[in-house]
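**Q** Read top to bottom, the protein sequences are chains B and G. The UniProt record's numbering puts the first residue of the first sequence at 1, with every later residue one more than the last. The UniProt record's numbering puts the first residue of the second sequence at 1, with every later residue one more than the last.
In short, the hints are calculated from the structure, not lab data. There could be a bad hint or two in this list.
Said to hold, decoys possible - Chain B residues, not near chain G, derived (Cβ > 12 Å throughout):
#: 1; residue: Thr-137
#: 2; residue: Glu-182
#: 3; residue: Ala-223
#: 4; residue: Ala-251
#: 5; residue: Val-276
#: 6; residue: Asp-390
#: 7; residue: Glu-428
Claimed, not checked - On the chain G side, residues computed to face chain B include the following (Cβ under 8 Å):
#: 8; residue: Leu-94
#: 9; residue: Arg-167
#: 10; residue: Gln-188
For each residue, glycine too, the CB sits at the ideal point set by N, CA and C.
2 protein chains.
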Amino acid sequence: MTPEEFRRYGKQVVDWVAGYLSTIEDRPVRSPVAPGEVRDRLPAHPPERGEPVEDLLGDLDRVIMPGITHWQHPDFFAYFPANASGPAILGDLLSSGLGVQGMVWATSPACTELETVVVDWLAELLGLPAEFRTDGTGGGVIQDSASSAALVALLAALHRASGGKIRDHGVADTYRMYVSTETHSSLQRAGRIAGLGGGNVRAVPVDPVTFAMDVGELRRMIAGDVAAGAVPALVCATIGTTSTTAIDPVAEIGALCREAGVWLHVDAAYAGSAAVCPELRWINDGVAEYADSYATNPHKWLLTNFDCGVLWVRDRRPMIDALSILPEYLRNTATESGEVIDYRDWQVPLGRRFRALKLWSVIRWYGAEGLRAHIRTCVELAARFARLIDADDGFELHPGHPFGLVCFRPRWPSSVPDPNAETLAVMERLNASGELFLSHTKANGHVLLRLAVGSPATRAEHVEAAYRRIAAACQERR
Amino acid sequence: MTPEEFRRYGKQVVDWVAGYLSTIEDRPVRSPVAPGEVRDRLPAHPPERGEPVEDLLGDLDRVIMPGITHWQHPDFFAYFPANASGPAILGDLLSSGLGVQGMVWATSPACTELETVVVDWLAELLGLPAEFRTDGTGGGVIQDSASSAALVALLAALHRASGGKIRDHGVADTYRMYVSTETHSSLQRAGRIAGLGGGNVRAVPVDPVTFAMDVGELRRMIAGDVAAGAVPALVCATIGTTSTTAIDPVAEIGALCREAGVWLHVDAAYAGSAAVCPELRWINDGVAEYADSYATNPHKWLLTNFDCGVLWVRDRRPMIDALSILPEYLRNTATESGEVIDYRDWQVPLGRRFRALKLWSVIRWYGAEGLRAHIRTCVELAARFARLIDADDGFELHPGHPFGLVCFRPRWPSSVPDPNAETLAVMERLNASGELFLSHTKANGHVLLRLAVGSPATRAEHVEAAYRRIAAACQERR
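Based on the provided sequences and hints, a complete structural model is requested.
**A** Shown next, in the form of C-alpha cells:
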C-alpha cells in the first residue's frame with residue numbers, strides 16, 4: 001500500500017470510526033451472536049489474491065460488527081470500563097504509523113524518553129510519592145496490563161527476598177506471597193507463573209463488611225510461615241478490588257511489611273486513576289510511606305485505550321536484576337554508557353510498542369482538569385445510581401461505592417428457592433435485551449450485580465434508564 | 001473529543017502519517033540524539049488545561065521526531081525488521097476505534113472468533129500441521145511477542161511434565177529446560193520468570209560451522225539429568241536464530257523429545273514467516289511430526305505492525321490448565337457452555353486488544369501471493385548483498401543466509417591489534433552517518449555485522465548503496 005493509498009483509505013477508516021462513535025448508542029450493547037456465528041460467516045481459507053479495503057470494511061459491517069460487545073457504549077456497565085477516547089486513538093495511530101520498536105533506548109530514543117516523561121507526569125497527576133519518579137532510584141513503565149505489572153513486581157520481590165539467588169537457582173519451595181480472598185486472580189496467576197505454585201500464595205481473609213484485608217490475620221500468617229522456615233516475599237494490597245472496589249488498609253499492611261522485610265505491591269488497577277482528584281487522593285494513604293511497587297491502568301478509567309497499564313517501583317534495581325540478560329546482538333554504546341533506560345528490562349516481553357504516545361496525547365488533550373472532570377462525572381453518576389437503589393425497597397445496596405462501581409442485589413420474596421439464580425437470570429435477561437450490560441460478583445454468598453460507570457459517553461439519563469430497566473426486570477419476576 | 005472532532009483530527013493524523021511514510025527516506029535512519037535530549041525538551045509537568053491537537057503534532061515534529069530511529073526506513077538493516085504496512089495500520093486503527101477488550105469470548109465474540117480464523121489462516125499459509133488448527137485439540141493465539149509465547153509454552157510444558165503438580169506446588173528444584181548457546185535470550189528469561197532459575201536452563205553447544213544445536217550433546221545432557229533425578233520439561237529448537245539465522249535440526253531434536261517425553265517448542269519468531277513460500281517450507285521439516293508448540297511473529301517479517309506474535313500448540317489442554325483461574329466476576333454462560341474459546345487462558349495478561357483485525361487486514365490486502373512476493377523480494381535482496389560481499393576480498397561472508405539476514409565481517413590487516421573493535425568502530429561510524437543502520441553479533445569470537453533486509457520499502461539500490469558505504473568505510477580504516 002503506497003503512502004497515497006494509505007492517505008485515501010486512512011481517511012475512509014477515520015470516517016468509519018467517527019461514524020461508529022457517533023451512532024454507538026443505536027446498537028445493542030451486548031452482541032447477540034451465538035458461539036461460532038461469526039466464525040461461520042468468515043471464509044475458511046485465506047485469499048490467494050489481495051482484496052480491496054472496501055471489501056474489508058464491508059465485511060467489518062456485515063460479519064464483525066454483529067459480534068461486537070460495545071465497550072464504549074454509554075450503557076456498558078459491566079466489569080470495569082476500558083476507556084477509549086479520541087486523543088488516545090490518535091496517539092495509537094501515530095504509534096502504528098511510526099512503527100518503531102522501543103525495546104532499548106538505542107532503538108528509538110524518543111520512545112523511551114517520552115515514556116519516562118509521561119509516567120513521571122502521571123505520578124504527579126496521581127500524587128504518587130517522589131520515590132516513584134525516574135530521577136531517583138525508582139521509576140515507572142508502561143505494561144500491557146496490571147497482570148503483567150504484578151508479575152514483574154513479584155519477580156523483583158522474589159529477587160530481593162532471595163538475595164538474588166533465584167536468578168540462577170529458581171524459587172525452590174521457599175517463598176510465599178500474600179493476597180486477600182478478594183485480590184484479583186492475576187496475583188494468584190502471577191504466583192503460579194513465577195513457579196511458587198498456588199499453594200504458596202496465601203489468601204488472607206477479609207473483613208465481612210468492608211471486604212478489606214484482615215491485617216491481624218496477615219500478621220499471623222507471615223509469622224507462621226517464618227517460623228516454619230519459609231521466606232515471605234510479597235504482599236499485595238488492593239485499592240479498589242475488582243469485585244466490589246474494597247480498599248485494603250495499605251498503611252497498616254505496609255508497616256507490617258516494613259517490619260518483616262516483605263515487598264509491598266499495591267494493585268490500584270482500576271481505582272488508582274481516581275487519585276487525579278485531590279478529594280479522592282486519600283485512597284493512596286500509606287503508599288508514599290510503604291509501597292515498593294504500585295500499578296494502575298490508564299486503559300481502565302483514564303481515557304487511554306487498551307493496552308496501557310503503568311507500573312511504578314521505588315527501587316528499580318531488583319526488577320532489572322531479575323529480568324535483564326544482555327546478549328551480544330543487543331549490546332550498544334548507549335546501554336553501556338549507563339545513561340539511558342532500556343525498558344525491555346522492566347517487562348516480560350522484549351519488544352515494545354510506542355504506547356507512551358497515546359498517554360501523552362490523552363494528558364495533553366484533556367489536561368489535568370479534563371481528567372479530573374471525567375473521574376468526577378463517573379463518581380457522581382455512580383452516586384446518583386446508588387441513591388436510586390438505596391431508596392428502593394426492592395434492592396439492597398452493598399455498602400461503599402467511592403468510585404464508579406455500585407454493587408447491589410434485588411430482594412426476592414422468601415418463597416424464591418434460589419435468590420442467587422434469580423438475580424443471575426434477571427441479569428441475563430437484561431444483558432440479552434441489548435439495552436444495557438451489567439456483570440456480577442459474589443460476596444458473603446450473595447450474588448451482587450455490578451454497575452460500573454466509566455464511559456465518557458455515559459450521562460445521567462443512561463444511569464437513570466439503567467435503574468428503571470433493572471427495577472422493572474426484577475418486578476416482573478417477583 | 002466529539003466524533004466530529006475525531007473525524008477532523010483523525011484525517012490530520014492520517015495526512016501526517018502518509019506524509020511521514022512518503023518522506024521517510026529523507027531522514028537519518030538512526031536518531032542522532034544524545035541521552036536525555038528528548039526528555040529535556042519536554043515540559044517537566046503535565047498541563048493543567050487541555051491543549052489542541054495542533055500543538056501535539058507540532059511537538060511531535062519538533063521534539064519527538066529527532067529522537068526516532070526509523071524502523072520502516074528502507075536503509076534500516078539492524079536487528080530483525082519490525083514490519084509495518086498500510087493495511088496493518090488501518091487494522092490497528094479499527095481496533096483502537098472499536099475499543100473492545102476481548103479477554104473472554106463473551107466480552108466481544110468477534111474479537112475471539114476472528115482471531116481463531118486468522119491464526120488458522122496463517123497456519124495454512126505457513127503450511128503448519130493440521131494439529132495446530134483450532135478445530136482439533138490444538139490452536140493458535142496472538143501474543144505480544146515470541147518471549148511471551150515461549151513463556152506460555154514453558155508453563156504448559158512444566159504443567160505436563162509435573163502431571164499438573166506445579167500448579168499448586170511450584171517448580172521446586174526438579175525441572176530442566178534445554179536451549180542452544182545460540183537460542184534467543186528470551187528463553188533463558190522465560191526459565192527465570194517461571195522460577196526454574198538460570199542454572200536449570202541448559203545451554204547445548206552448537207556446531208561451529210552451522211551454529212545448529214548439537215543433538216548428540218542434547219541427548220547426553222537429558223540422559224545425565226534424568227539419571228540425576230531431574231525432569232526434563234522442554235527443549236527449544238530455533239528456526240532462524242537471532243544472531244545468524246541458524247536452523248536447529250528440528251526432526252532429530254523432535255525424535256529425541258518424543259522418546260524422552262519432553263515438550264518441543266519451536267521458536268521461528270523471525271524466519272517462520274518465510275514458510276508462506278513453498279520453496280522455503282523445508283525450514284519447518286520436523287515441525288508437523290514433533291512440535292508441541294510453534295511461534296512466529298507476523299510483526300517481524302509479515303507486514304503486521306508490532307505487537308503481533310502467534311503461538312500455536314498441538315494440545316491446548318496443559319496450557320489452559322496451567323493458566324486458567326475463574327473468579328466469580330468472569331463467570332458467564334458462554335464460558336460454562338464449553339463452546340467458546342477464552343483466550344485469556346492462553347496468555348500472561350488478562351486483558352486483550354483486538355489484534356486479529358490487523359492480521360486480517362494484512363492477509364486480505366496482500367493475499368497469499370502478496371505475502372510471498374514480500375518474502376521473496378527480501379530473500380533476493382539479501383542474496384544480492386551476499387554476492388557483493390562474497391566477491392569482495394575485503395570481507396568474509398558468514399555461511400548460510402536463506403532468509404533476509406546476511407552476516408559478514410571486514411578483513412583487517414594483521415597489523416590491526418583488535419579486529420573486533422575495528423569492526424564495531426566501522427559500524428558505529430556508519431550508523432552515526434544516518435545513511436543506514438546495521439547491528440552486530442558475535443560468532444566463534446568474531447564480531448559479525450548483520451544486514452537484515454525486511455522493510456517493504458527496501459529496493460536493490462538500497463542494498464547496493466549499503467554495500468558501497470560499508471566497503472568505503474572499511475577501506476578508510478585499513
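**Q** A separate judgement is required for each hint: does it hold in the structure or not?
**A** Evaluation of the provided hints:
no., hint, in the structure
1, Thr-137, "holds, 18 Å"
2, Glu-182, "violated, 10 Å"
3, Ala-223, "holds, 22 Å"
4, Ala-251, "holds, 27 Å"
5, Val-276, "violated, 10 Å"
6, Asp-390, "holds, 22 Å"
7, Glu-428, "violated, 7 Å"
8, Leu-94, "holds, 6 Å"
9, Arg-167, "holds, 6 Å"
10, Gln-188, "holds, 6 Å"
In this structure, the earlier hints numbered 2, 5, 7 are contradicted, and the remaining ones agree with it.
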